[in-house]
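Trainee: So the chains spell out like this:
There are 2 protein chains.
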Amino acid sequence: MRLELARILGARDQIDPVFLNTPQYECEPLGDVLGCRLILKVETLNPVRSFKGRGTETVLSRLEGDADAAVCASAGNLGQALAYSGRRRGIGVAVVASSAANPLKLERMKALGATVILVDGEIEAALETATRYAAETGAFLVEDSRDIGTCEGAATIGVELAESPVELDSVLISLGAGAMASGVGFALKSLRKTTEVICVQPENAPAMTLALRAGHPVEVGAPGTIADGVAGRYVIPEVLDDLSSIADDAVLVSEAAIVEAMRLLHVHAGLVVEPAAALGVASILEGQGRFDGRTVATILCGSNVTPEAFNRWTHVPISAPDTVGSR
Amino acid sequence: MRLELARILGARDQIDPVFLNTPQYECEPLGDVLGCRLILKVETLNPVRSFKGRGTETVLSRLEGDADAAVCASAGNLGQALAYSGRRRGIGVAVVASSAANPLKLERMKALGATVILVDGEIEAALETATRYAAETGAFLVEDSRDIGTCEGAATIGVELAESPVELDSVLISLGAGAMASGVGFALKSLRKTTEVICVQPENAPAMTLALRAGHPVEVGAPGTIADGVAGRYVIPEVLDDLSSIADDAVLVSEAAIVEAMRLLHVHAGLVVEPAAALGVASILEGQGRFDGRTVATILCGSNVTPEAFNRWTHVPISAPDTVGSR
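Taken in order, these protein sequences are the chains called A and B. Going by full-length UniProt numbering, the first sequence opens with residue 1, and the numbers climb by one from there. Going by full-length UniProt numbering, the second sequence opens with residue 1, and the numbers climb by one from there.
Next comes chain A alone, as it looks inside the complex:
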């Protein structure tokens, strides 16, 4: 187990406060629809609209003086956060992303001053390029989930959840490479032993979930999910080790449930979230009564989605005259 509570508590002092102490509150209208008591932990109201700043702040604050450049591979949110944290510290940032990445995320990385390098293929192709870039230029490679600072930064969310005055039966955590799930899960297990830690991954990007079930990485196909923030296919062994001893369960959700969860969060909580942030609510929808009457928290980990994509996916009802033709 790579995680230690003291280091996680220490990370809280290293992170720009703009990322800390995010809203956590009961959303009764949505809980009523879902049949449980639902606590939302909202990570979208900050300069990069995702939780990733907690990790990049932790990593770069420890790096200060040792490197004047950093690089990462990113589907978008890590890249934005690294760009933000680098700019604050005068550390140059390069981000390698897939040419198919979410255009909003690419645009924001550039606006925050990052050099953006596009490569074809999945996140793992980007990681190869980033690794080579680091070797060639001397830039510090920030590898999501493998760099323990990304896990410790994310884990500060778990510390905050553990401070909730409400007893939490379960916490539903979106699972990609595992920084958030292992970090938050570890913090909860350290501070609130009775809270169940449940990881949620798209069934169309199930690598870590299947690895957790099998006890070792298994071959999966290319990810085919709209949840770009958690779409990978290779498992990092040390993260699998950490998460194996933390997670009480890992579940998979359908694309239809992700979209419906986004819609419900919009209608009943007034929130715009990206697909990866809706996995927890999606798992309640597909939980077949598992969470009925229970107190459940979920982390809304990002909102980097274009309004066009959001509306296309969720089919928001609308009657704007300029979009309905002759009606």
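Any given hint could be a false lead.
Which copy? The list can't say, so a pair holds if one copy fits it or any two copies do.
Stated by the list, open to error - SDA-like, lysine to any residue: derived pairs with alpha carbons at most 20 Å apart:
1) Lys-110 with Ala-100
2) Lys-110 with Asp-120
3) Lys-110 with Met-1
4) Lys-193 with Glu-4
5) Lys-110 with Val-33
6) Lys-110 with Gly-92
7) Lys-193 with Leu-168
8) Lys-193 with Val-166
9) Lys-110 with Pro-237
10) Lys-110 with Gly-35
11) Lys-110 with Arg-37
12) Lys-110 with His-268
13) Lys-193 with Leu-5
14) Lys-193 with Ala-6
15) Lys-110 with Ile-91
16) Lys-110 with Leu-34
17) Lys-110 with Arg-87
18) Lys-110 with Asp-32
19) Lys-193 with Gly-224
20) Lys-110 with Pro-29
21) Lys-110 with Glu-28
22) Lys-110 with Leu-30
23) Lys-110 with Arg-89
24) Lys-193 with Arg-7
25) Lys-193 with Glu-163
Since the hints were derived computationally from the structure, they do not count as laboratory data.
Since the structure of chain A is provided, determine the placement of chain B on it from the hints.
Mentor: Leaving out everything else, chain B in the frame of chain A:
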């Protein structure tokens, strides 16, 4: 001047923490569009989706033991907040609202356990009924802006803004009856003397702005704004007195600018806000360069708007096949 800093600071200890220390961060994408450095103070991520809980918590915490019932007139947000604060304390709550009130707000008041009494007419008709109800039943009447606790609770927003590490040139505050504008403005003037306090009101509900300019209440017509949260026509003299010595300026904005501000906050910040929360951004849009290059904060004071109304107003682009008929 009815406001005192010590009482405002004291209110922070009386308010449910779920309403306090709300996100405040620079939104660069929207700032870029508006030509200024824009700080958003987001009051929508709590159980009642508006800042009003700060005021009702302050009022009811001081009341505990002295009354077992409370009543208010409300366009919706105060009623929800009073219902929430009353339920926590075992204080029965009745809300008198206009029969034309926002249906989302009415539904939420009821869900929070309030008895909802509908009357025809504007907010002032509701206030008459609430006053009579209080006289007849002995319920404590919570009158927005006139009850100093509502101003002191709202003022805690100003204390938090004053703690920002960023120097604020101007703070743009939505103006209705004046609790938020006078409270936040007073806290800022006490703690950050150089920050300009600018109130923003719809030109279709300009009562307090015209009173500030004239130095006394003036006759205005019935409000005709979509910003239901700030739509009134009568000025409370003691609030006018307070605000006169606090506000550096009060400006009016068009309905078109309110709608465009809502749209921009959606597109560039990923936020859903109700019309009354968009007044500050609307005033930048209509500011004719006044805020160019300046550091400006605005308070997004509520998000109680139905998705249907939001989309109808902002004409969110959409291509959902089930809404475009034969196209």
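Trainee: Using 20 Å as the alpha carbon limit, work out where Lys-193 and Leu-168 are close: within a copy, between copies, both or neither.
Mentor: Within one copy only: 10 Å inside, 43 Å across.
Trainee: From the Cα coordinates, with 20 Å as the cut-off, is the pair Lys-110 and Gly-35 best called within, between, both, or neither?
Mentor: between (42 Å within a copy, 18 Å between copies)
Trainee: Within a copy, between copies, both or neither: where do Lys-110 and Ala-100 come within 20 Å Cα-Cα?
Mentor: Within one copy only: 16 Å inside a chain, 46 Å across chains, cut-off 20 Å.
Trainee: I want to check one pair: Lys-193 and Val-166. Are their C-alpha atoms no more than 20 Å apart within a copy, between two copies, both, or neither?
Mentor: within (14 Å within a copy, 39 Å between copies)
Trainee: Could you place Lys-110 and Arg-87 in one of the four classes (within, between, both, neither) given a Cα distance threshold of 20 Å?
Mentor: within (11 Å within a copy, 48 Å between copies)
Trainee: Check Lys-193 against Glu-163 for me: Cα-Cα at most 20 Å, and say if that holds within a copy, between copies, both or neither.
Mentor: Result: close within a single copy only, 13 Å intra versus 35 Å inter.
Trainee: Cα distance capped at 20 Å. Does Lys-193 pair with Ala-6 within a copy, between copies, both, or neither?
Mentor: Classified as within: same-chain Cα gap 17 Å, cross-chain 41 Å, threshold 20 Å.
Trainee: Is the C-alpha distance from Lys-110 to His-268 at most 20 Å within one copy, between copies, in both cases, or in neither?
Mentor: Result: close only across copies, 15 Å inter versus 33 Å intra.
Trainee: How would you classify Lys-110 and Pro-29 at a CA-CA limit of 20 Å: within, between, both, or neither?
Mentor: between (38 Å within a copy, 12 Å between copies)
Trainee: Within, between, both or neither: how does the pair Lys-110, Pro-237 come out at a Cα-Cα threshold of 20 Å?
Mentor: Answer is neither: 32 Å inside a copy and 51 Å across each miss the 20 Å cutoff.
Trainee: Within a copy, between copies, both or neither: which one fits Lys-110 and Asp-120 at a CA-CA cutoff of 20 Å?
Mentor: Classified as within: same-chain Cα gap 18 Å, cross-chain 53 Å, threshold 20 Å.
Trainee: Using 20 Å as the alpha carbon limit, work out where Lys-110 and Glu-28 are close: within a copy, between copies, both or neither.
Mentor: between (38 Å within a copy, 12 Å between copies)
When each numbered hint is compared with the structure, violations occur for hints 3, 9, 19.
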